[in-house]
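First to last, the protein sequences are chains A and B.
Be aware that the first sequence starts at 533, since it is given in this note's numbering, and climbs by one per residue.
Be aware that the second sequence starts at 533, since it is given in this note's numbering, and climbs by one per residue.
These aren't lab readings, by the way, just hints derived from the structure by calculation.
One thing to keep in mind: the hints can contain errors.
As the list claims (entries may be wrong) - Estimated spans, in silico, between C-beta atoms of each pair:
#1 D856(B) / G570(A): 23 to 31 Å
#2 Q898(B) / P580(A): 19 to 27 Å
#3 V841(A) / Q898(B): 19 to 27 Å
#4 T908(B) / P787(A): 38 to 46 Å
#5 L655(A) / R914(B): 54 to 62 Å
#6 I541(A) / T908(B): 26 to 34 Å
#7 T908(B) / P580(A): 25 to 33 Å
#8 V723(B) / E540(A): 48 to 56 Å
#9 T908(B) / V841(A): 31 to 39 Å
#10 R914(B) / Y893(A): 20 to 28 Å
#11 V841(B) / D839(A): 22 to 30 Å
#12 E708(B) / I632(A): 40 to 48 Å
#13 P580(A) / S538(B): 55 to 63 Å
#14 P580(B) / G570(A): 16 to 24 Å
Said to hold, decoys possible - Beyond 10 Å from chain B on every Cβ pair, some chain A residues (computed):
#15 L564
#16 T587
#17 R624
#18 I706
#19 V720
#20 R728
#21 P767
#22 V800
#23 P874
Each residue gets a CB set at the ideal place from its N, CA and C atoms; glycine is no exception.
Protein chains: 2
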Amino acid sequence: MNGMISQEIIKEIAIVSPSNILLLVIDGLGGLPDPGTGKTELETAHTPNLDKLATGGICGLTDPISPGITPGSAPGHLALFGYDPVGCNIGRGVLEAVGIDFELHSGDVAARGNFCTVDEKGLITDRRAGRISNRKCTELCQLLDGQLINGVSVFVRPVQEHRLVAVFRGDDLIPEVSDSDPQQTGMVPKVVTALRPEADRLADVANKFIAQARAKLAAHRSANMVLLRGFSDHPRFPTMGEIYKLKSAAIASYPMYRGLAQLVGMEVLKTGVTIEDEVKTLKQHYADYDFFFLHIKGADSAGEDGDFVRKVKVLKQIDSILPDLLGLKPEVVVVVGDHSTPASLKVHSWHPVPILLYSRYCRPDQVTEFSESACTFGGLGRLPATQVMPLAMANALKLTKFGA
Amino acid sequence: MNGMISQEIIKEIAIVSPSNILLLVIDGLGGLPDPGTGKTELETAHTPNLDKLATGGICGLTDPISPGITPGSAPGHLALFGYDPVGCNIGRGVLEAVGIDFELHSGDVAARGNFCTVDEKGLITDRRAGRISNRKCTELCQLLDGQLINGVSVFVRPVQEHRLVAVFRGDDLIPEVSDSDPQQTGMVPKVVTALRPEADRLADVANKFIAQARAKLAAHRSANMVLLRGFSDHPRFPTMGEIYKLKSAAIASYPMYRGLAQLVGMEVLKTGVTIEDEVKTLKQHYADYDFFFLHIKGADSAGEDGDFVRKVKVLKQIDSILPDLLGLKPEVVVVVGDHSTPASLKVHSWHPVPILLYSRYCRPDQVTEFSESACTFGGLGRLPATQVMPLAMANALKLTKFGA
């Protein structure tokens, strides 16, 4: 009721206007206080530029999904892009493919896979094949990649250690098929079966692929079989262009976030691995789009490593590039996180995430510091992350009024 | 979206972990300022222990249902237990049965009843039989109790004055039947009729019960008939165990709250009538459960009596037992009310209710006093009461992340 306005309504009132929106997502932004100082990572970091922007802007705290619920990266970002993070489910196979930068086409079906070992009877002895090296995984994937089975192309790509992705590309592939992975040792891999009649074709192709893989891997004692699970297809979300009439671009150095951006129809720009590389990419393409999703990963990684000091350092570094970003004079700047990752917890957490929105029309509040505690008193209050895009659009004068 | 995350999703992400949650519900906690001092009951009470807990914890204000809506005890508690207080309707007959500690079985149908008087033509002359005494009510109930009609056992229990509960226990009882109570005098009691064909059996048994009651009561001029209404069955909610994977226990000295706890699948512990009795019960059973609902009634009763001073006294008394509760070292403590009961209104009210959540991971705010005005600036903001359980679960590290 008080939450999300439907994408249908946004579609009706969205207009194209000559203004640019910059959505800066600091992954894992929110934190928890250090017991010694009583200050979070963000409160500890010296961030004069963010504080200045907070002073001129309006702040608040976002709930990525709902209070108490810890989001994964996918729902955390979908919510920020204005998609219902619970209703818009992305299959595990697709997420894995997206996570390695595989460019999925509409109609593709992706599955997660493991290299494993089986004994002479075909019983699984190690589901993870002793966590073979990345190099070995790449080598074996090349062996299986590029087959054409009943007119379906199968792409096989390494992920990490024993993990792989298999993508099936062809007509009429319906992803509702069962896993071949029995999730335990001492059993033979399961036959992939259609969970509805239309999925027979994919089940058949998947089983043939697995049989051929077993034959091709027979000589490789360290990993002589594959297990597949989580078959899923490219989700059919409306794109950012369809909903917001935006020409949107994503700048992210980690594949998972490029993939998520691609799933919602953003153009993914080539960029390097550092924050400076990302800023450079933004500058190069600034005239070509009216919406930029700029993703910075380091704060989350530091949080997950339990490294409070490194997280503080990343936040300081982000602060230092802010003048460069503002120099481009985007009409709307949003600085937010997809979730909190407190160093003390070493994982994503449920805590609400600071948000700062700056625009000429934002109605500034009295917050003068970008921090968890200051944002508690911000003019945006506490809001679901799904409301961020409507607010950014409004502040960019890209939404007309609803109703006469 | 900004409201309740579905219980289905909580079910998926809930895990068992070695931590205990204490949910302390101070019935009728919220209040209104005394015109003389400008302070509410809670602000008037000296509550150093609650204030200390608030300082280390995180505070806010809950809306039991939605702003402006005054909850009854049932929706007020259901919301705190994480059930949709509007969607989860408990029938009036069931509520009445639960309110007198009647242990309903699955499949039972309960109805509220009145003793009334009818004249020689059978027309109702007094719907409340002159509000007969509790003693008389008990005597008449015993007269009607324990009949077996068409294989259905009928239990009849006194409530207060002319009010009674009738519980029908037998196979295939469907509660969709009309009331016999026409809700006005000068009419004959209505025939109970099935509102759908499957309810014929219950309608038939109810009409036979009423006919027999009239015969048995004929000699009792002060109350010679019964009226029944609100036929309803044991609601089929998922239990707290099913949703949260909690082993949950309820400690409450009032039957209504024991009954509500039983309806959501908590184990109801035997306890005495005082707050001290309840604390003793908690200590005795602390190792046996990982969730405790501790209900304290006195503040609501004082509010309903319009007794500001007594409500202040009850709140002080609750404050004084807090060290005992904290001595058990629960990982998460939530102090909240099911609704407000300002002494100046003498009834439940719609005002939001202070909440205080304490845990190692709560991200403390700047609130240093547990009061309506201080909680307005709390880090939890203003939240629907249905979000309390997800927050308590998250802080107890009993929820894994949603989505990859």
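We went through each hint and held it up to the structure:
Between D856(B) and G570(A) the CB atoms are about 28 Å apart, so this pair conforms to the stated range of 23 to 31 Å. Checked against the hint of 19 to 27 Å, the pair Q898(B) and P580(A) passes, with Cβ atoms roughly 23 Å apart. Distance hint check for V841(A) and Q898(B): the Cβ-Cβ separation is about 25 Å, which falls inside the suggested range of 19 to 27 Å. Restraint check, T908(B) to P787(A): a C-beta distance of roughly 44 Å satisfies the suggested window 38 to 46 Å.
At about 57 Å, the beta-carbon gap between L655(A) and R914(B) stays in the expected band of 54 to 62 Å. In this structure the supplied range 26 to 34 Å holds for I541(A) paired with T908(B), their Cβ-Cβ distance being about 32 Å. Distance hint check for T908(B) and P580(A): the Cβ-Cβ separation is about 31 Å, which falls inside the suggested range of 25 to 33 Å. Range check, V723(B) to E540(A): about 50 Å between beta-carbon atoms, so the 48 to 56 Å window is met.
A hinted range of 31 to 39 Å holds for the C-beta pair T908(B) and V841(A), which are about 35 Å apart. The beta-carbon spacing between R914(B) and Y893(A), approximately 26 Å, falls within the hinted interval of 20 to 28 Å. A hinted range of 22 to 30 Å is violated for the C-beta pair V841(B) and D839(A), which are about 55 Å apart. For the hinted restraint 40 to 48 Å between E708(B) and I632(A), the CB-CB distance of approximately 56 Å leaves it violated.
Hint check: P580(A) to S538(B), Cβ distance near 43 Å, so the stated range 55 to 63 Å is violated. Look at P580(B) against G570(A): about 21 Å separates their beta carbons, and that is inside 16 to 24 Å. The claim that L564(A) is not at the interface with chain B is violated, since a C-beta of that chain comes within 10 Å of its own (minimum 6 Å). Separation of T587(A) from chain B is adequate, the least Cβ-Cβ distance of about 19 Å exceeding the 10 Å criterion.
Once the 10 Å rule is applied to beta carbons, R624(A) is inconsistent with being away from chain B; the minimum gap is 7 Å. For I706(A), the non-interface assignment is confirmed: its Cβ lies about 22 Å from the closest Cβ of chain B, beyond the 10 Å cut-off. For V720(A), the non-interface assignment is confirmed: its Cβ lies about 28 Å from the closest Cβ of chain B, beyond the 10 Å cut-off. Distance to chain B confirms R728(A) as a non-interface residue, since its nearest Cβ pair spans about 22 Å, more than 10 Å.
No Cβ of chain B approaches the Cβ of P767(A) within 10 Å, the least distance being about 13 Å, so the stated non-interface status holds. Remark: the non-interface label on V800(A) is consistent with the geometry, its nearest Cβ contact in chain B lying 19 Å away (cut-off 10 Å). With a cut of 10 Å on Cβ distances, P874(A) falls inside the contact zone with chain B, its closest approach being about 8 Å.
When held up to the earlier numbered hints, the structure conflicts with 11, 12, 13, 15, 17, 23 and fits the remainder.
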